[in-house]
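Residue-level listing of the chains:
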Amino acid sequence: MKMIRSMVLVSGDSLSLERGAEQVLQALQNEIQAFGLSDEVSVMMIGDVGRHDALPMVIVYPEAAVYGPVRPEDVHYLVEEHLYKGRIANDLLAPVRELSGRIAWVAARKGTLPAEQRIVLRRVGLINPDDIEEYILHDGYTALGKVLTEMTPNEVIEEIKKSGLRGRGGAGFPTGAKWSFVAREKSAKKYIICNADESEPGTFKDRIILEGDPHSIIEAMAIAGYAVGADEGYIYVRGEYLLAQERLRRAIEQAREMGFLGKNIFGTDFSFDIHIHTGAGAYICGEETALIESIEGKRGQPRSRPPFPTTYGLWGKPTVVNNVETLANVPPIVLNGADWYRRFGTPSSPGTKVYTILGNVNVTGVIEVPMGITLREVINIYAKGMKGGAAFKLAQTGGSSGSLIPASLQDTPMDFDSYAKAGVALGSGALLICDENTCVVDLVKVLMNFFRKESCGKCNPCRIGTQRAYEIMCAIAEGRGKMEDLDQLLWLSENMYLLSNCGLGQTAGTPIKDMLKHFRAEVEAHIALHVCPTGVCKIKAFA
Amino acid sequence: MGKMVTLTIDGQVISVPQGMLIVDAAKKAGIDIPVFCYHPKMEPVGMCRMCLVEVGRPVIDRTTGQPILEADGTPKIQFGPKLETACTTPVSEGMVVRTQTQVVAEARRGIIEFLLTSHPLDCPICDKGGECPLQNLTMAYGPGESRFQYEDKMHLAKHVPLGELIYLDRERCILCGRCVRFQSNVADDPVIAFSQRGRALQIVTFSEPGFDSYFSGNTTDICPVGALTTADFRFGARPWEMIPTASICPHCPVGCNLTLNVRREAAAGGREVIKRVMPRQNEWVNEIWICDKGRFGYHYTESPERLRQPLVRKNGRLEPATWEEALAFAAEGLRERSGVVALAGGRLSNEDFFNLYQVVTARQGRAVLYSTMAGGDYVQRYGLSGDANLAGLGKGDAVLVVATDLHEEAPLWWLRVKQAAERGATLIVANARPTKLERYAAHVIRYAYSEVLEKVQSLLAGESPEAQALAKATNLVIFFGQEGLSLEASEALATMLARLLVQNGQAERPLSGLVAVWPHANTQGGWEIGFRPDPDLAHTLATAGAVWVAAADPAGDDPILAQALEKAGFVIVQDLFLTETARRADVVFPVQAFTEREGTWTSGERRVQRFYPAVPELENTRPDFMIVAQVADHLGIPLVGRSASRVFDELARALPAFAGLSYTRLAEVVEQWPLVGRGDLYYGGTVYENTQGLGVRLARMSAGAELSEWPAVEIAPAPADDALYLVPVVRLYDQGQTLVPSHLLQQRMARAALYLAPATAAQLGVQTGERVEVSAGEWAETLTVYVDANVPVKAGLVPRSTGVPLRQPLWVRAQRAVLEPQP
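Those protein sequences? They're chains B and Y, same order as listed.
Number 543 marks the last residue of the first sequence (my numbering); no jumps.
Number 823 marks the last residue of the second sequence (my numbering); no jumps.
I should point out that these hints are in silico values taken from the structure, not numbers from a laboratory.
Remember, predicted model here, so these are calculated numbers, not experimental data.
All clues given are correct.
Below are the BS3-like pairs computed for lysine-lysine, each with C-alpha atoms no more than 30 Å apart in a straight line:
1) K436/Y <-> K298/B
2) K162/B <-> K317/B
3) K317/B <-> K436/Y
4) K482/B <-> K538/B
5) K82/Y <-> K28/Y
6) K453/B <-> K82/Y
7) K161/B <-> K82/Y
8) K186/B <-> K472/Y
9) K41/Y <-> K317/B
10) K189/B <-> K395/Y
11) K436/Y <-> K455/Y
12) K263/B <-> K317/B
13) K298/B <-> K41/Y
14) K421/B <-> K76/Y
15) K82/Y <-> K513/B
16) K436/Y <-> K472/Y
17) K82/Y <-> K317/B
18) K3/Y <-> K317/B
19) K453/B <-> K298/B
20) K472/Y <-> K3/Y
21) K395/Y <-> K317/B
22) K3/Y <-> K395/Y
23) K453/B <-> K153/Y
24) K395/Y <-> K186/B
25) K146/B <-> K263/B
26) K82/Y <-> K298/B
27) K189/B <-> K472/Y
28) K41/Y <-> K3/Y
29) K513/B <-> K153/Y
30) K189/B <-> K3/Y
31) K82/Y <-> K517/B
32) K153/Y <-> K538/B
33) K298/B <-> K395/Y
34) K82/Y <-> K421/B
35) K158/Y <-> K298/B
36) K472/Y <-> K395/Y
37) K41/Y <-> K186/B
38) K186/B <-> K3/Y
39) K153/Y <-> K482/B
40) K453/B <-> K158/Y
Given only the sequences and the hints, what does the whole structure look like? Please build it.
Below you can see the structure in the form of structure tokens.
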């Protein structure tokens, strides 16, 4: 192995590639050669570096200098200044406005940003996702090796159970319990499915993992396969995630070549292989049974449950369906043990959670922090406060189907149980933070429009209820609302919850319920006074 | 019978088999749980959410595994946090279900209100109004009024033809998916499907022609609203105006149970007319389904072409005559001549056959069955017996289907064989060409038409995997047809198949046996009564002193038979129409259609079933058995002819297989599952409950002596290397006289054509649409070619009953026809 004095990383997420990251990489290689530095400096492209305001970015170690946006014509100057002359090219440095990924990690080490606790994102932005050797260098496939050579399937499940890992897709179902349900099924064929259809608006945590560290998912699926007795896995990737698909494909090929997938992995009896299935833009296919139908080549419509996928899943066989983030937690737990994992987070929700921060705050991006941190902490520490000093009004958690969190719940610990106790849901981890200039009627109207379009139409409470709710919200927003409408909205949301078949219909009414619980006065102002207090809704003037 | 489970529904304790769904268990207990999307014949999906009920289960102590008890000693019941769908939840031990609570009532009201916010409520002009589950359930469980007025309603297309048979009203559709699931899972013609999603979800068809399925009409029965209607009935009548009459389908040997809906109407001059044909439940025969031929193919009974007067030949011309004249003339003709041949077709009832048989035997004549297929006597001895129901076939059993395309010839048998295969029965399909049934077959035996007997004989040798599968089957049901076979060859085939049953030891079992796929509803009845086909019919007819033809048109089918008939001494014809045969007759009697009279038919499974008069007879017509009895009366032969039931009593006295049967016995019913009809159409659909008879299977005749060796039949070898084996094949919609008057089916009817394999067509130098002349001796026809990869080489397929005079397979010379330029 050669010794290098500097390491140059180029951001390789989809946006960077679109903006010429390849050309920048090429230019860097040419310039470094031209300056005769090829033996001393390494250049590589990595995944998502965690910030998206100045792409493409170039990061130079050991100084941890972050440059961006870098154009190919800037490269000569950058190489000359930083790598040849050894001084930081200040005029090319990226401003720190966003945080996440490698940058946040680096910044935290330098003390400029608050620390995150990185478990699932620990390699993202640090390694080249297209190179399996880098993954292996960073402890990759060690957990799989340990599991296959030192542990029985039952021990793996017990370890996961002990760790208290809960599903990160939104519902928070204990992962170990799910695995044990599938493990105890007597079936020659079982499947592991990784749900990477991440379609909740505002959530992109899984994409960061898939693009930046695809092997961690492959390794985790193989571990899950060993634990439950499955030899085949599917990754259902959202159709728009082209880069993630490409990197996953390459990762699977490399893993096969190296023998981490295929027959007799690590020389044991265990065999496992993975297929990629891409979605086609349907929100509902993130629901696990609709996802299974979609893989089977049918319309993406949820099945009725029971039977649950753990007994009757893909092609009728017992199936584990886990979210990307959930799976990414598995190898570290196996390597470091359940006790180590329980040191993070809260007793009932151990571990960390990846959040995507959006909305009217100063810094947006991805963070991974321990479970149990409060919304106020997220806004003040990680998001650097509300934009323009405006007051916090509400946060919407978990994409469309999450809850509206009013200011009064800002100090509730963000973990599954505390939130459930407060009557709200944590969801998938998107935090849409809205300030006082947001009209709650407008927000809920937009959400209802989303649901009515994304309802699969299979069961009628959701198919018709979302449409009717949207119509009523439009009426209120346009000043045509009546007070009785509020009762109808409540009736609709209650009935959609009680009568619908799957999570989409059951949660579609949540924003309505939260709106009327926490912001009723504002809604009534629209109806009684024909006034939108925030001035967002274009209410017609009434005589 | 599996394990039984005891549960409580609304305080009623019931025991049902494990695995049963709550909705079915409640139905069994007489408790209605309303549903829209669930149907007892299909897998549940839980879409409509109408069946939500409260479900509680006993709390089990994890340490002891015993139920935790309340203070009063009853098991502690834990109810779920939410309602559960009764249609997807199986029963479990100790379960408590509540269907009458406030929560459930509110849920139902909610669902109905959801549905009605988008439903046009055009009940006053809707065909379904009066027998509509949505209407009925709204009355029972819905709110009095809707609170949703926004944008009024969704307005969608109201007359969407899904093909020319079925119309879709998109506004009325509640998207329960019953039709889609029926087509995909039951009929396996997935030609309709959901398109779009959310509120834009809709049913579309993507076949050409639209909704291309022989079972499409059934979707209108199970549609819980008026969204799907048939082109035949839509806007035809209101359900409550019509009188239902039990009947049997006249079109094929399955014998599907029908209900004819009749109304007296001004448009028909105050006459009673059939408005529609509906299925009638018979779980032994057609369950609750019928094919579209049965549903739409009744119009011939009301054709203006029907004969309305007896005709008598005077001075070489057929002249109208009175009944008395005609009967006397017929009797006179018979009295003078010896050598009477009765030629009867499979449309006659058992009673008709019986009387005709009595007369000709009394006159030392011959009773000839107008058929080119043999084997009915083997079916008598080796057919199914007792209570055997094809629905009982499953794992460990086998079904062998030889020389027939069940989907075209007997769609309901196709359906039931398919279901048997899906339940695990081993299906073996043997034919010279691919048929739709092969999708479900474990083994496919493909042969050249000339090798069929060798192939079947090899099954007796027991070497091949197919033979072994047949040998080890507990029950074996064999369907055989006549595709590519001469009468002699079909005799040999039937013998071999009977031998197969005997050799495998299945012949004695009730649910094993031969089923002949006859071309007509009552061909088997003809065999039972003593009619037999004639291998040299032309000679028999030409040398007969007198020929008495009933329900057959030999002259129309084959010019050679027409010539033969002209040589016959005296010809009596009984028919509905003035057929080619009737035109050559000395006396023609107009008969009644099956809708106008009583009678019984014997199905291919040997089930004798009654049909009832639905409409008054066409003036001046009489039933066949009566005409025969009246002619016999003139000849001094005493026969019962006044009522069908009395004729049947005579028949039951005379024939051992019918011993003990009577019309009363045939009208008996037992409770069938699923429960359909009654007051609640939401569950099974608008199919009629069977209250007028399930019919009775004839007793198996004793096998008698050892099975004889089969006749050494050699299928005529090809006369020349380039000869073409012309094979008549059955298409469901043909140009037969009993189907052509159903104009609705016109577009789908088979036309006279020659189907050739691509290689054969290339050899002849022809393409689809060009014409080929086929000839054998004096016989010659020019036919339009269709190139079809499914046709075997060296064979040419010709649809039956399309005007091509081809009753049996024939080796022909073929050459491209050069069209004469039109002058």
